[in-house]
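Same order as they appear, the protein sequences are chains P and G. Be aware that the first sequence starts at 34, since it is given in our numbering, and climbs by one per residue. Be aware that the second sequence starts at 34, since it is given in our numbering, and climbs by one per residue.
Certain hints may be false.
One copy or two, either will do: identical chains are not told apart, so a pair holds if it fits within one copy or between any two.
[As the list claims (entries may be wrong)] Only pairs whose alpha carbons sit at most 27 Å apart, straight line, appear in this in silico DSS-like list of lysine-lysine: (1) K49 x K85; (2) K85 x K200; (3) K50 x K89; (4) K50 x K230; (5) K57 x K178; (6) K50 x K200; (7) K49 x K89; (8) K85 x K123; (9) K35 x K200; (10) K85 x K197; (11) K197 x K130; (12) K89 x K198; (13) K123 x K197; (14) K35 x K85; (15) K123 x K35; (16) K230 x K35; (17) K49 x K123; (18) K192 x K57; (19) K178 x K35; (20) K57 x K89; (21) K92 x K192.
Think of the hints as simulated: they come from the structure by calculation, not from any bench. Quick caveat, the model's predicted, so the values are computed rather than measured.
2 protein chains.
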Amino acid sequence: MKLYPPELEHIIDFFKKLPGIGEKSAERLALALIEMPEDFLESVSVNILNAKNVLKPCKICGHLTNNEICNICDSSYRDKNVICVIEDYKSVFAIEKAGKYQGTYHVLNGLLSPIDDINVEDINLKSLVERVENLENPELILALKSSLEGETTTLYIKKIFENKKVKISRLSYGLPMGAEIDYLDMATLDRALEDRKIISE
Amino acid sequence: MKLYPPELEHIIDFFKKLPGIGEKSAERLALALIEMPEDFLESVSVNILNAKNVLKPCKICGHLTNNEICNICDSSYRDKNVICVIEDYKSVFAIEKAGKYQGTYHVLNGLLSPIDDINVEDINLKSLVERVENLENPELILALKSSLEGETTTLYIKKIFENKKVKISRLSYGLPMGAEIDYLDMATLDRALEDRKIISE
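Generate coordinates for the entire structure from the input sequences, incorporating the hints supplied.
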């Protein structure tokens with residue numbers, strides 16, 4: 034005898050496909066879901082399909098938007114000369130939440146990884162070069178993760194713009210705020226030492 | 034400027050309504066959801082509404098079912114004389130998972146709580162009395178939580194059947210498996226002492 038009716042099993046399977054949701058959480062969420070009011074669930078169903086249909090990459094930067102051009106590229110308050118280069122649009126939300134950055138973005142939609150056969154033409158690099166060429170005083174901030182792929186991509190972008198007047202920086206590596214030195218992994222500690230900032234000399 | 038497009042915001046709000054999902058998880062889940070293939074999301078939408086429409090309480094025990102009568106009440110392998118009385122159908126899934134119980138269930142859909150104005154007529158007690166009256170050799174196992182409401186309900190059920198030939202037991206209270214005695218709350222320790230089992234005398 035099956036434990037759950039198949040209609041419930043479908044919902045559990047759906048939740049299990051989401052990141053960080055295991056068997057037990059999926060069951061709990063599915064049981065909570067079916068107790069929600071019917072009209073609410075109807076609007077949820079509509080919203081899910083709507084989001085999928087309406088949200089597309091921005092024609093300029095590749096960020097998620099419900100328009101041709103995203104809010105950030107479209108805003109006159111943003112410094113168009115500064116482009117923060119990121120792996121995917123989730124990073125945009127993270128950096129926007131921090132709330133300090135006033136430039137624009139460029140979503141690569143991946144990182145170079147020769148081992149996985151992800152090459153220059155597989156990620157959004159050509160459009161970055163075009164964008165930079167149209168700017169008077171371009172500055173790139175590379176906000177890519179500190180993995181082999183992230184560093185390969187960083188080096189490659191540095192090389193593309195080698196002989197052009199483009200200011201390029203990368204995010205600093207180091208201790209996460211509040212982290213205990215004792216518990217830090219060696220790679221981070223190494224980088225934090227290497228990137229150490231002189232505060233008096 | 035809003036951080037998320039409204040279409041995404043709707044999905045985040047939906048996830049935030051589910052138990053144990055906070056702001057950050059809801060964002061992560063919504064972003065994962067919109068990256069799923071469109072035909073999968075279409076079937077999810079259909080399944081959500083279908084589950085809500087099809088799943089109803091069993092006419093006998095109140096457990097969730099896609100039929101008039103649930104699998105358990107309908108099964109000839111289940112002992113109809115034994116009824117496990119529970120607060121809601123989630124407990125059925127929990128007990129069925131344990132896989133030992135061979136009787137049937139009765140879902141009260143709540144517990145008596147005079148303080149919240151939940152009285153005898155507000156929970157599924159009348160149908161329990163009717164079920165018991167139709168049995169030759171009825172046995173009730175009260176599997177209600179060890180709270181004020183659970184114990185009030187346990188006492189009330191005991192009282193209803195006082196002068197009738199009904200065997201009634203409740204789940205034992207005590208140490209959860211694997212729990213460290215040192216970290217146990219006093220109430221559980223108290224109950225574990227009170228309900229102690231003689232193993233030799």
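Here's how the hints hold up against the structure:
1. Within a single copy, K49 and K85 get their C-alpha atoms as close as 19 Å, and across copies as close as 19 Å, so both meet the 27 Å cut-off.
2. When the C-alpha separation of K85 and K200 is checked against a cutoff of 27 Å, the pair qualifies neither within a copy, at 37 Å, nor between copies, at 56 Å.
3. Both within a single protomer and between protomers do K50 and K89 lie at most 27 Å apart by alpha-carbon distance, with minima of 22 Å and 26 Å respectively.
4. For a Cα distance limit of 27 Å, the shortest separation of K50 from K230 qualifies neither inside one copy, at 43 Å, nor across copies, at 44 Å.
5. For a Cα distance limit of 27 Å, the shortest separation of K57 from K178 across copies, 20 Å, qualifies, whereas the shortest one inside one copy, 32 Å, does not.
6. Taking identical chains as interchangeable, the C-alpha atoms of K50 and K200 are never at most 27 Å apart, the minima being 42 Å within one chain and 45 Å between chains.
7. With identical chains, the CA atoms of K49 and K89 are at most 27 Å apart both within one copy (25 Å) and between copies (23 Å).
8. For the homomeric pair K85 and K123, the shortest alpha-carbon distance inside one copy (16 Å) is at most 27 Å, but the shortest distance between copies (32 Å) is not.
9. For the homomeric pair K35 and K200, neither the shortest alpha-carbon distance inside one copy (62 Å) nor that between copies (29 Å) is at most 27 Å.
10. Taking the shortest Cα distances, K85 and K197 never come within 27 Å of each other, neither inside one copy (39 Å) nor across copies (60 Å).
11. Neither within a single protomer nor between protomers do K197 and K130 lie at most 27 Å apart by alpha-carbon distance, with minima of 32 Å and 65 Å respectively.
12. Taking the shortest Cα distances, K89 and K198 never come within 27 Å of each other, neither inside one copy (32 Å) nor across copies (68 Å).
13. In this assembly of identical chains, K123 and K197 lie within 27 Å of each other by CA distance neither inside one copy nor across copies; the values are 29 Å within and 65 Å between.
14. In this assembly of identical chains, K35 and K85 lie within 27 Å of each other by CA distance solely across copies; the values are 19 Å between and 33 Å within a copy.
15. In this assembly of identical chains, K123 and K35 lie within 27 Å of each other by CA distance solely across copies; the values are 15 Å between and 39 Å within a copy.
16. In the homo-oligomer, the alpha carbons of K230 and K35 never lie at most 27 Å apart, since the shortest distance is 61 Å inside one protomer and 35 Å across protomers.
17. Within a single copy, K49 and K123 get their C-alpha atoms as close as 21 Å, and across copies as close as 18 Å, so both meet the 27 Å cut-off.
18. When the C-alpha separation of K192 and K57 is checked against a cutoff of 27 Å, the pair qualifies neither within a copy, at 48 Å, nor between copies, at 37 Å.
19. Taking identical chains as interchangeable, the C-alpha atoms of K178 and K35 lie at most 27 Å apart only when they sit on different chains, with a minimum of 26 Å there against 45 Å within one chain.
20. Proximity of K57 and K89 under a CA criterion of 27 Å is satisfied inter-copy only: 22 Å between copies versus 33 Å inside one chain copy.
21. Taking identical chains as interchangeable, the C-alpha atoms of K92 and K192 lie at most 27 Å apart only when both belong to the same chain, with a minimum of 25 Å there against 72 Å between chains.
Hint violations for this structure: numbers 2, 4, 6, 9, 10, 11, 12, 13, 16, 18, all remaining hints satisfied.
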